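Let the hints inform the model, and build the full structure from the sequences given.
2 protein chains.
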Amino acid sequence: MLDKLFKPNSIAIVGASTKELSIGNVITKNLQKFEYKGPIYPINPKSEEVRGLKAYPTIFDVPEEIDLAHIVIPPKFVPQAVEDCGKKGVKFVIINTAGFKEMGPEGEVLEKDFLARAKNYGLRIFGPNCQGIINTDPEIKAYCDFTFTYPEPGYISIVAQSGGVGAVIMQNLYDLDVGMRMYASNGNASDISIPEIMRYWGDDEGTRVILLYVESLSNPKEFMRIARQVTEKKPILAMSAGRTKEGARAATSHTGGLAGGMTTELIFEKTGILSFRDTEELCQAAIAFATQPIPGGKRVGMITNTGGPAIVATDALVSNGLEIPPISDKAKETLKGTLFASASISNPIDVVATAGAKQFRSALDVMMEEEQIDSVYINFVTPPFVDCDSVAREFAEVNKQKKKPMVCNYMTDKPQWKETTRILKEGGIPCYNFPETAARALAALTRHHEIRTREIGDVVEFNEIDKERAGHILQKAKEAGGENLSAGEVYELLTIYGIPVAKWRTAENAAEAEKAAEAIGFPVVVKVDSEAIDHKTDVGGVIVNLTNAGAVRSATGMLNKTLGTKGALKFFVQRYMPGGRELIIGAKSEKGLGHLIMFGLGGIHVEIFNDVVFKISPVTTAEAQEMLTSIKAAAVIKGARGRRGVNQKKVKEVIQRLSQLVTDFPMIEEMDLNPLIAHEDWVSVVDARIRI
Amino acid sequence: MLDKLFKPNSIAIVGASTKELSIGNVITKNLQKFEYKGPIYPINPKSEEVRGLKAYPTIFDVPEEIDLAHIVIPPKFVPQAVEDCGKKGVKFVIINTAGFKEMGPEGEVLEKDFLARAKNYGLRIFGPNCQGIINTDPEIKAYCDFTFTYPEPGYISIVAQSGGVGAVIMQNLYDLDVGMRMYASNGNASDISIPEIMRYWGDDEGTRVILLYVESLSNPKEFMRIARQVTEKKPILAMSAGRTKEGARAATSHTGGLAGGMTTELIFEKTGILSFRDTEELCQAAIAFATQPIPGGKRVGMITNTGGPAIVATDALVSNGLEIPPISDKAKETLKGTLFASASISNPIDVVATAGAKQFRSALDVMMEEEQIDSVYINFVTPPFVDCDSVAREFAEVNKQKKKPMVCNYMTDKPQWKETTRILKEGGIPCYNFPETAARALAALTRHHEIRTREIGDVVEFNEIDKERAGHILQKAKEAGGENLSAGEVYELLTIYGIPVAKWRTAENAAEAEKAAEAIGFPVVVKVDSEAIDHKTDVGGVIVNLTNAGAVRSATGMLNKTLGTKGALKFFVQRYMPGGRELIIGAKSEKGLGHLIMFGLGGIHVEIFNDVVFKISPVTTAEAQEMLTSIKAAAVIKGARGRRGVNQKKVKEVIQRLSQLVTDFPMIEEMDLNPLIAHEDWVSVVDARIRI
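Residue numbers (our numbering), protein chains in the order written: chain L, 1421 to 2112; chain S, 1421 to 2112.
Please keep in mind that the hints were generated in silico from the structure rather than gathered at the bench. Since we're looking at a predicted model, the values are computed, not measured. Some hints could be false.
No copy is singled out in the list; a pair is fine if it fits within one copy or between any two copies.
[To be verified] Calculated pairs, EDC-like style, for lysine to aspartate or glutamate (alpha carbon to alpha carbon, straight line, at most 20 angstroms):
#  : residue 1 : residue 2
1  : K1665     : E2073
2  : K2008     : D2084
3  : K2011     : E2089
4  : K1834     : E1938
5  : K1654     : E1701
6  : K1820     : E1485
7  : K1838     : D1595
8  : K1834     : E1572
9  : K1449     : E1468
10 : K1466     : E2010
11 : K1457     : E1485
12 : K1561     : E1455
13 : K1453     : D1833
14 : K2008     : E1685
15 : K1778     : D1504
16 : K1654     : E1870
17 : K1822     : D2031
18 : K1508     : D1481
19 : K1752     : E1790
20 : K1449     : D1807
21 : K1453     : D1597
22 : K1834     : D1595
23 : K2008     : E2090
24 : K1439     : D1807
25 : K1457     : E1468
26 : K1449     : D1833
27 : K1822     : E1846
Written out as structure tokens, the structure reads:
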């Protein structure tokens, strides 16, 4: 429980300084300025007071109990200070000081030192190399941080791995006059982790939505476990930096964590976290989440008192996947009686610029009543010739009903329309400066609905699998010391795991290859079966469409001549199966996480268009289905425009069986079925590769 | 010349009202409040004064000359008021009143009436159904508009077809404390047009960048002609609404113009206008354009005093097509001497949070000197323990040199860092609240560089074309009354225009088809040649790969049996050419503009992925080249990963020849070559369609 961290009854600052621009002084000042409700104990051996507060030479001189202590002294003194805090019975320590693990081995030793001491006393550490925490709760008002934004109370809590980005988010919400609940930026996260903070806020009634910024996850599995629990309770909106190659490099060097960038986004997806790729969009969405209910679908009703912004909003809503369906005849009848003659009665409802409270209210009521409408988008420009305060009061009134979410593109000069602005704010209407911003916020609410109602599916356990035999094959291969399994080993593993493979045989030499071909039936393909030759086709080690024994003979002869310098080659003979769609299914181990499972169309689709999707193993039935429908070439899988699709059930099963294989054997570093040939009624692997 | 519209020496308001919330009163108030430098003449027959100004019963009672008059009286009185203005010698009239063409035939009559009267007197009309104009020039200060944002002088001029969107843009720049030069929103645009306004600002020294919002263009060709001239002089940043089907419908009903949405974006592209799809992004880019030089390339040098935002910025810069190259060893040497030990000396340069003026200046100097750097991105958080004013002064100092553009993600609480903010503003540093926003603004500057330096290319005139014969074929087809040309006609036209077509012959009956096949050489494809059967393959009217005369005979027999209910069919026989890449090249007439030329890969690429690009005819050499490289499947055209590409020179030539054909004959409504089979050394049309 992090209660005494976020709601401390008393705070000490070890290193509280009298120097105006020092961090120890700034933290003291922030606590004072924010009007912290408990006692503040500056610890300073050289001064009797700091910023008008009585200072104590050591922490032991403080006569009362201390819940939380800041440590802002140089790194080498930190372990002893932690020890002292432990002795004194302090419950939480925020170490703002930098110069530990992030600076190399010497710092790492210091970090381990203070961690060990803390553990002895059951003392929890926040940081080091961090900003700290903020709690705006009027009964607490803890500003345990050296930044400069003083937020009002609100419903949004923010946890950011980077204090810089956390500050950008906090400042932006502040600039937009939106409140915040709690804030945390824990730097090196040596003890208290981001998941732990998320879990705490998951149980905090005052937090309605959690904003998360991460650069990399040090313990992806733990993060997933907790994220799943928290998203059951409230929305988490998150952004992961490092999704470009260049950004990922920067993120890794910044934090040294494991999973970053794209992998983190997959983790967000799997755990029901709403993912963003733009800091401003994240902030703007949070504003809507803080006050609005989640819509039941993607059908938007639009109300506008100006033409152009309605068109821009239409473009933005539609490109964000929302719909603007017609309204009912009944609704139109109602509106004919209430709106001005020049109004446009459809969806959007253009109430026209002269519309007052009555017209807006009627349009709002209609949209709230309409069955085919899930959410409401409003364009509200404040005409100098309209009583805008009354209009705003109607918005607030309707919003109180919490029937459907509403967002407002509010076009005004706030200093001139101060009262209107106040009514909208206190009425909990999320207001935006641009049609696109409001549209995206509404789209985010809708995306959350989709995530909350999506089918998770089960991880199917295929039972007829001889896991022991599979383990034996892999163990043997590992002991042999090679990285790549031989074709025979690969196909045996696939067969054990019930993944359909085109008929195959291994052959110790050319003569055996001929016999194998006869046994399999023509046409066949002959491949060199050598662990040393990885990319067979690149070196001409594959000869396809051999229709009789003679052809096999000349093929093996040629291969022996061109590639067999180290002696006679072994061969892999397989039924040749042209036609069908070439699919690719793969897996790649991710440290600390498991495997990423990949699916895509083979050939140019993967090589040129990079049209592949990933999921984290183990893949559920629903996830396998989603893989098939979320590639750009989904229509090819499904079949469209007179082209035949492929057997989706069988493809999904292969994905799940492969997922089970790599989950059973984490030693598999990388594998792919490339291609899996898929027809309307059957699928079959014709080439595969496993690296351990 | 619109000089007296934007710089009027005197202004009358016909319909100036004493009623506080009327438009006539608001306009008078705005002129007063904005401190208009010339005399204001309220025209009001019932009152002796309006808002403390002497009012005149009629315009003829004004003793002095009037440059500009507002008309804000009901529509039916407008024609007479215009007549009076003409008689009085007024030069420009802004008709704010609505209720004309936009309301239907009755309003259109009124609009034509006042236009005819204005013409008699050489009086120019702005509007009707419009906001008006604003000029912030300190010597003019004309606020001829009923909106409520009072901008400071600046370098950005805004013209918006929708006053609502124009107001959003103006208000946003105002909120960001960014000045504006002039504003215009001309509603119905019955006389003075948007291109005319753009041309005027092209010559206005005070305007450094023009912002444009359009919903549709009433005269696309005129717009293109003028846009080309203006973009030679200064950047135009523009947004076109209606790019989604739903948005386009809304835009058309809002303005009734011709080209909208996507077509307008193509017009922007062709004329060198920088296109945006987000109002906020448009505003943010304008801020950079107003003060910064255009970069010479896409290589960004980043300077940061905080870690996380540098990662977010890296992601944003790279995803917007920019690069962050390493800096030179020489630069690193310099920085080692000037930066703190904990600084990170590479690109980004992390000067660390404690960096002051000296450190920032050194980093800036290095980036400005570096040959491999084209522009500078700065993350500047204002630490409470740093003298931020001095840092800002260095930014301003370096910016004065105008060596390379710089943008700044400025992370602060402006009320607390008022002086720092002032220095940055007066120093002309474009400041943004988010890393992504700053990155996108820099990307926009860079995009402009690319547009300015792109090769335009020439429209090749192919000379050996017998245009007269082509005209004869089309004329005959038109007189015959059909919409679709017969295959014979299509192929003859293509041949005349030098577009290579697989060997073909028409046949009046089955026997002739057999002879034709023999003459062409096998294999052949036989198609039913009937204007009535448009989608031949859909009805089974095409039989491919016929390898001998007997096969042709049974094919024609079968076709006659299945499709020949109306009598014996005519046939089209063509050499069958399997293999190669299927390309599609098409043209579609756009009213008031010419044709849109389309290019893409055939088959699933066009049908499922919609991977096609458009250009406006006539297509230049450079545009044809760009079409080949800008489809998503460009690598397929070029050849990649061991796959052969196609003959690009020949494909480009076909695009240009087709462009010439439709440009020569605007009567062609739609045509496509689908597919054009392209190999490495030759290309050939195997199916085509022309609709007139």
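Consistency of the hints with the structure:
1. For the identical chains of this complex, K1665 and E2073 are neighbours neither inside a copy (32 angstroms) nor across copies (38 angstroms), given an alpha-carbon limit of 20 angstroms.
2. Proximity of K2008 and D2084 under a CA criterion of 20 angstroms is satisfied intra-copy only: 14 angstroms inside one chain copy versus 57 angstroms between copies.
3. For the identical chains of this complex, K2011 and E2089 are intra-copy neighbours only, at 10 angstroms inside a copy versus 59 angstroms across copies, given an alpha-carbon limit of 20 angstroms.
4. Within a single copy, K1834 and E1938 get their C-alpha atoms no closer than 84 angstroms, and across copies no closer than 82 angstroms, so neither meets the 20 angstroms cut-off.
5. Taking the closest pair of Cα atoms, K1654 and E1701 come within 20 angstroms of each other only inside a single copy of the chain (19 angstroms); across copies the shortest separation is 31 angstroms, beyond that limit.
6. In this assembly of identical chains, the alpha carbons of K1820 and E1485 never lie at most 20 angstroms apart, being 44 angstroms within a copy and 57 angstroms across copies at closest.
7. In the homo-oligomer, the alpha carbons of K1838 and D1595 lie at most 20 angstroms apart both inside one protomer (15 angstroms) and across protomers (14 angstroms), since each shortest distance falls under that limit.
8. In this homomeric assembly, K1834 and E1572 come within 20 angstroms of each other (Cα to Cα) both inside a single copy, at 19 angstroms, and across copies, at 17 angstroms.
9. Only within a single protomer do K1449 and E1468 lie at most 20 angstroms apart by alpha-carbon distance; the minimum there is 16 angstroms, versus 61 angstroms between protomers.
10. For the identical chains of this complex, K1466 and E2010 are neighbours neither inside a copy (52 angstroms) nor across copies (82 angstroms), given an alpha-carbon limit of 20 angstroms.
11. Only within a single protomer do K1457 and E1485 lie at most 20 angstroms apart by alpha-carbon distance; the minimum there is 15 angstroms, versus 70 angstroms between protomers.
12. With identical chains, the CA atoms of K1561 and E1455 are at most 20 angstroms apart within one copy only, with a shortest distance of 6 angstroms there and 47 angstroms across copies.
13. Within a single copy, K1453 and D1833 get their C-alpha atoms only as close as 30 angstroms, which misses the 20 angstroms cut-off; across copies the closest is 15 angstroms, which meets it.
14. In this homomeric assembly, K2008 and E1685 come within 20 angstroms of each other (Cα to Cα) only inside a single copy, at 16 angstroms, whereas the closest approach across copies is 42 angstroms.
15. With identical chains, the CA atoms of K1778 and D1504 are never at most 20 angstroms apart, being 67 angstroms at best within one copy and 40 angstroms at best between copies.
16. Taking the shortest alpha-carbon separations for K1654 and E1870, only the intra-copy value of 14 angstroms comes in at or below 20 angstroms, while the best inter-copy value is 46 angstroms.
17. Proximity of K1822 and D2031 under a CA criterion of 20 angstroms is satisfied in neither setting, with 41 angstroms inside one chain copy and 43 angstroms between copies.
18. For the identical chains of this complex, K1508 and D1481 are intra-copy neighbours only, at 10 angstroms inside a copy versus 90 angstroms across copies, given an alpha-carbon limit of 20 angstroms.
19. Only within a single protomer do K1752 and E1790 lie at most 20 angstroms apart by alpha-carbon distance; the minimum there is 11 angstroms, versus 65 angstroms between protomers.
20. For a Cα distance limit of 20 angstroms, the shortest separation of K1449 from D1807 across copies, 18 angstroms, qualifies, whereas the shortest one inside one copy, 44 angstroms, does not.
21. Taking the shortest alpha-carbon separations for K1453 and D1597, only the intra-copy value of 19 angstroms comes in at or below 20 angstroms, while the best inter-copy value is 28 angstroms.
22. Taking the closest pair of Cα atoms, K1834 and D1595 come within 20 angstroms of each other both inside a single copy (13 angstroms) and across two copies (9 angstroms).
23. In the homo-oligomer, the alpha carbons of K2008 and E2090 lie at most 20 angstroms apart inside one protomer (4 angstroms), although the nearest pairing across protomers, at 49 angstroms, exceeds that limit.
24. Taking the shortest alpha-carbon separations for K1439 and D1807, only the inter-copy value of 15 angstroms comes in at or below 20 angstroms, while the best intra-copy value is 53 angstroms.
25. For the homomeric pair K1457 and E1468, neither the shortest alpha-carbon distance inside one copy (22 angstroms) nor that between copies (63 angstroms) is at most 20 angstroms.
26. Taking CA atoms no more than 20 angstroms apart as the test, K1449 paired with D1833 passes between copies only; the shortest distance there is 17 angstroms, against 34 angstroms inside one copy.
27. In this assembly of identical chains, K1822 and E1846 lie within 20 angstroms of each other by CA distance solely inside one copy; the values are 15 angstroms within and 46 angstroms between copies.
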